[in-house]
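Asker: Could you put together the complete structure from these sequences and hints?
Protein chains in written order, with numbering that gives the first Met the number 0: chain G, 0 to 434; chain B, 0 to 530.
Worth flagging that the hints you see were computed from the coordinates, not collected in a lab.
Bear in mind that the values here come from a model prediction, so they are computed numbers and not experimental data.
There's no promise every hint is true.
Stated by the list, open to error - Taking lysine-lysine and the DSS-like style, the derived pairs with C-alpha atoms no more than 27 Å apart in a straight line are:
| # | chain 1 | residue 1 | chain 2 | residue 2 |
| --- | --- | --- | --- | --- |
| 1 | G | 350 | G | 69 |
| 2 | G | 228 | B | 446 |
| 3 | G | 380 | B | 193 |
As the list claims (entries may be wrong) - A few chain G positions that, by computed beta-carbon distances, are all more than 12 Å from chain B:
| # | residue |
| --- | --- |
| 4 | 109 |
| 5 | 118 |
| 6 | 207 |
| 7 | 273 |
| 8 | 290 |
| 9 | 372 |
Here a beta-carbon is modelled for each residue, glycine too, at the ideal position from N, C-alpha and C.
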Amino acid sequence: MMGSRAGWRRRAAVLLLVAVSLSAVLATPAAAASAAADSGEAGRAAEQHSERISGSAGDVLEDNPVGRLKVFIYDLPRKYNKKMVTNDPRCLNHMFAAEIFMHRFLLSSAVRTLNPKEADWFYTPVYTTCDLTPAGLPLPFKSPRVMRSAIQYISNKWPFWNRTDGADHFFVVPHDFGACFHYQEEKAIERGILPLLRRATLVQTFGQENHVCLKEGSIIIPPYAPPQKMQAHFIPPDTPRSIFVYFRGLFYDTGNDPEGGYYARGARASLWENFKNNPLFDISTDHPPTYYEDMQRAVFCLCPLGWAPWSPRLVEAVVFGCIPVIIADDIVLPFADAIPWEEIGVFVEEKDVPKLDTILTSMSIEDILRKQRLLANPSMKQAMLFPQPAQPRDTFHQILNGLARKLPHPEGVYLQPGEKHLNWTAGPVGDLKAW
Amino acid sequence: MMKSLLPQSQLRRSAAAAAARSSGGGAASGGADGAGSDGGAGGRAPAASTFWFLLHALCCLVSLFLGFRFSRLLFVLLFSTTALYSSTSSSSSSAVLRATTTTTTTTTTTTTTTNTITLSFAATANPPPSTSANYTALDSAASGTSGHTQSHVVVGRHGIRIRPWPHPDPVEVMRAHRIMERVQEEQRRWYGIKEPRQVLVVTPTYSRAFQALHLTGLLHSLRNVPYPLTWIVVEAGGTTNATASLLARSGLTIVHIPFPDRMPHDWADRHATENRMRLHALRVIRERKMDGVIVFADDSNVHSLELFDEVQKVQWMGAVSVGILAHTGTAGQPRLSEEDKQNMPLPVQGPACNSSGQLVGWHTFNSLPFAGKTATVVGEAAPVLPRGLEWAGFVLNSRMLWKEAEGKPDWVKDLDAVGENGEEIENPLTLLNDPSSVEPLGNCGRKVLLWWLRVEARADSKFPQGWVIQPPLEVVVPAKRTPWPETTAVLSSELLDTKQDQEDRRLSRTNRSSRSRSTTKRKGDVQGQEN
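Answerer: Rendered as structure tokens:
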């Protein structure tokens, strides 16, 4: 008996010792293995053709938002969303279709909750850019009224808007200048962001520093480009890249800017005048059927500003592995905290456009190869796309990641009794009309 | 984005409304704003309104001549405040000033005036009609040195910056090309073949009129192959200087092997001889233990560069699809019946696969429509057809031929056992015990990677040796403008006289006779130039 008890204690002590030593032994090889794996991976990555991407918020491109936030979707009447699409299904194909697809994605996503009391974020599915002209271009003239009407609806029907004056709500406003709801920059600046959206988080494509139409805390997303169309045009990746600089698009907009100098702040015209004779620059206003294939055969793709600083060219360049040359002063690019754009693209100031050939040819080859490796990272390409149905790490998930990174909501979100931020009668008189 | 759609009426109305609001003298707005300004000025006394109308009309006329909105300039000069002018200090507009002076002018003269006017334009950095919001923005920019609240990117008209010499710099062009070379190298390394194997190209040839044509073409194709390459040229009738000099100029690694028999003039015999020459080359490869992928490139065939990328994938023996170009275009082309034309299959020889990508059979060239109409003698003007499966469509791994090689499959016959009894080796399938293990290449034979063609001149056709004209040909038609040297040491007067006589005689006769005369003459001259 005694012996067994003493033996038991001794056995326990031995077991404890063994456990400790084992854990020590296992921990160090695990650490060593992970260190070796890291260095090995770094070494292999140099041989491999893609590289991990980590932005200022860390290595967050591959995060999974499920479980990190909950989104409640307001149930708006059909006239705010479905009826618009039925009236004009072209809304599904133009570059502002992100708002429609975001709604569809959220409806079936795992972050959706049907209980608004446990929601972190509230989504209002109102399609403000679905008012198309006969030619298919969206007019923003009714958009402020549509948005206002939607907000009035949700603030009357549910208590959550008034609880925070919209600070935990987010809206998708992919139009030219976001929630300023105008395509002409001066008009957009004049209007400013819709007063009712002052506290809400805006998910938009427009981003320019110190601009009236970019609110702090907005999430910038890439413009919608149809992923199937792009994926149908892939060519073998060992096709040699034999075009140095590639661009297709307008340089002068003679319809709306006949004197020049207004469109693109003169940057595109400067591009044309300086480089139309340069054999390294394959730039023209053609609409070739091999546009996507040509981008895959180019080393640099120009992404200059147009009437607004953003364009689907950035998405296309990233998807096709062509280094984007971004010519738009002070532009804020999509998911800027998750994607380190300075390491991936080349930024050229508008005043430096005449020196563009010097800038591009004097880049070091290691730089260029590194950028190509970053672009080859599949997470990078995936983050720019809107596939249907949604796939992990695509733009929809990156938006949710961005929203999750803004959680938990800061202190001032919930209004004190009697505190009011929004002025429901601010803005041009025309906006106050009911819709 | 969709600005082209912008209805002009909207612009006009909003512009006019803004103009009316801000200036009060809104008639001084551009041609497009005409309708609005009329409305804006409607509430005035008739005299004033006609005055403004006339002023507006004058502005429109001036704009018509100058080509830009003169009224806008007027508005700017008359109604803008000094605060706007002080904002010229901003860097963008000063750059604009610089740029406009260096702008290369286009053809019309109006643009020159536009350039100078743009100086003051840029000062506003906001074209009218602008509203109070923009003014305050500009004021803050003017007052603050670097506006934290306002970005230095300003809306409005900017100059188009053009450098004084907008042409490419050759040093930069070279740098760009070097960049592209490195990028392509990396691409090959990442996505291309991991360990490129040497390509051993086997070509049977012999010296004849068309040899230079064929070998030059093949030479250039091979020079463009991005893999290490050895060109094994087997020459019928022994090695000749003509062939050797052609090969030496290629810059490739050459193995020039003589083959004792001469090339026969009969197509059937020629095919057989070529097969024996290829076997001879394979034996040499075996002896020298050359390592790589063996491609049979006949000198008259045309190869795409993708062929050489595809053959890197072969393990032991592969087959590619060969396009057969059998129709030698002559006036006397065999008339094929309609039925023949219907039944004519694709002129492709190669592997046939089932839906799961496995080799199930072979496509061969249907020669029935050509029965009896094909060429028998080399150089005859009739279609030359391939036989069964051509060697050109097969690719071997050289280790398959070695006596001992690790992993050598047992369905390969030993090379010594092949062709010893003098039997006809029609195609490389006879090298195998089991022809079903051939790998189909080129997307399972769907991609045609090379074209088979036989184009030859008659066996007795003459051509200058080495394609160098030696001695110089005699004059057929004198060059009219160069003065003849009267008498030189070389040309005696006798020769001159005979030449004159010839010319006179020729001019008095028909063309045909003179041509025949010259051919006979030439024939006599170039005796001994026969191949």
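Asker: Output the numbers, in ascending order, of every earlier hint that fails for this structure.
Answerer: 1, 6, 7 and 9
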